[in-house]
Structures are given as structure tokens and as C-alpha cells.
Amino acid sequence: MHIWILWMHIWILWMYIWILWMHIWILWMHICILWMHIWILWMHICILWMQIWILWLHIWILWMHIWILWMHICILWMHIWILWLHTWILWMHTWILWLHIWLHIWIELWLHIWILWQNIWILLLNIWILWQNNRVVRLSIQVKFDYTCVKVIFLQFCRFG
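Going by numbering that gives the first Met the number 0, the sequence shown opens with residue 0, and the numbers climb by one from there.
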């Protein structure tokens, strides 16, 4: 009977040791699980911080793209304005050149016509004077003198042409 009691005490002691060991093991497991939860929480905080940083970076990149787009629109507007200005200047130069050529052609044409008309009148006047001189005086010296005067007048008008 004593052996049986002893055996029972040993068995109970063994059970207590085993239960104690199980409690230590469960405590260790809880500590590991707690440590794992702390590590997962830390990882979530790091991931959240990275996401906030990436979000800020995306906002900054978006702002830079908007600014670059605005700059391109401004540059495009300036190019359009410069192109319009150059087109206007080219049109004005073309118009002035055309006007200049047109005026030169018409002024020179009318000037030449006017000079020609004056020469014709001088020639007719010269013929009339010669005819009158031949008819009235019939002196060769007088005719030559009148012809020279008309010729000098004629040459003076021709000089301006």
C-alpha cells in the first residue's frame, strides 16, 4: 500500500511538473505570440509610414506635372503669339514692299508718260517754231538759233527723266 501511495505521489508530482512545464510552454508561446503581434504592429506602422511617404511623393509628382503642363501651355502660348507677330510683320513687310513696287512702277510710268508728253509738245512746238521761222523770216541763222534754244529746252526736260 505504501508503494502504491508512493507511486501515486510520484505520479501526482510528475503531473504537477508536467502541468508546470505546460504552463511555462504556454507562457512562452504567449510571449512569442505577443512578440509576433508587436512585430506585425511595427511592420504595419512602417508600411503605413511608407504609404504616407509614397502618397506625399505622388502628390508632389502630380504637382510637378501640373506645373510642367502649365509651363508648356505658357511656352506654347508664347510660341503662338510670336508666330502671330512674325506673320503680322511678314504681312506688313510684304504689303509695304508691294506698295513700294506698285508706287515705283506707277510713279515712274506716269513720270515717263509725262516726260514723253512734254517732249511731244516740245517737238510740236519746235516744228511749229521752225515752220513759222521758215515762213516768216526764212533766215537760216534765225532758224538755227531757234532750233538750238528749243533743243536746249528739250535737253533740259530730258535730263529730269
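Hints in this document: simulated from the structure, not taken from any laboratory.
Beta carbons are placed, not taken as given, at the ideal position from N, Cα and C, and that holds for glycine.
Among the hints, erroneous ones may be present.
Simulated restraints on C-beta separations [unchecked claim]:
| # | residue 1 | residue 2 | range |
| --- | --- | --- | --- |
| 1 | Leu26 | Trp48 | 53 to 61 Å |
| 2 | Trp48 | Met28 | 45 to 53 Å |
| 3 | His43 | Met21 | 25 to 33 Å |
| 4 | Leu54 | Trp13 | 26 to 34 Å |
| 5 | Leu75 | Ile95 | 24 to 32 Å |
| 6 | Ile95 | Leu115 | 50 to 58 Å |
| 7 | Met35 | Met63 | 39 to 47 Å |
| 8 | Trp101 | Leu123 | 31 to 39 Å |
| 9 | Leu82 | Ile53 | 50 to 58 Å |
| 10 | Ile58 | Leu26 | 23 to 31 Å |
| 11 | Ile95 | Ile58 | 48 to 56 Å |
| 12 | Met63 | His36 | 39 to 47 Å |
| 13 | Ile23 | Met63 | 57 to 65 Å |
| 14 | Ile44 | Trp76 | 43 to 51 Å |
Going down the list of hints, with the structure as the test:
1. Leu26 x Trp48: 53 to 61 Å: Roughly 33 Å apart at Cβ, these two residues miss the hinted range, so it is violated.
2. Trp48 x Met28: 45 to 53 Å: With a Cβ separation near 30 Å, Trp48 and Met28 fall outside 45 to 53 Å, so the hint is violated.
3. His43 x Met21: 25 to 33 Å: holds (32 Å)
4. Leu54 x Trp13: 26 to 34 Å: With Cβ atoms ~60 Å apart, the hint is violated.
5. Leu75 x Ile95: 24 to 32 Å: holds (30 Å)
6. Ile95 x Leu115: 50 to 58 Å: Violated, at about 30 Å.
7. Met35 x Met63: 39 to 47 Å: holds (41 Å)
8. Trp101 x Leu123: 31 to 39 Å: holds (32 Å)
9. Leu82 x Ile53: 50 to 58 Å: violated (42 Å)
10. Ile58 x Leu26: 23 to 31 Å: Violated: the Cβ-Cβ distance is about 47 Å, outside 23 to 31 Å.
11. Ile95 x Ile58: 48 to 56 Å: Between Ile95 and Ile58, where Cβ atoms are some 55 Å apart, the hint holds.
12. Met63 x His36: 39 to 47 Å: For His36 against Met63, whose Cβ atoms are near 40 Å apart, the range 39 to 47 Å holds.
13. Ile23 x Met63: 57 to 65 Å: Once the Cβ atoms are compared, 59 Å apart, the range 57 to 65 Å for Met63 and Ile23 holds.
14. Ile44 x Trp76: 43 to 51 Å: Between Ile44 and Trp76, where Cβ atoms are some 48 Å apart, the hint holds.
Taken one by one, the earlier hints fail for this structure at numbers 1, 2, 4, 6, 9, 10, listed in ascending order.
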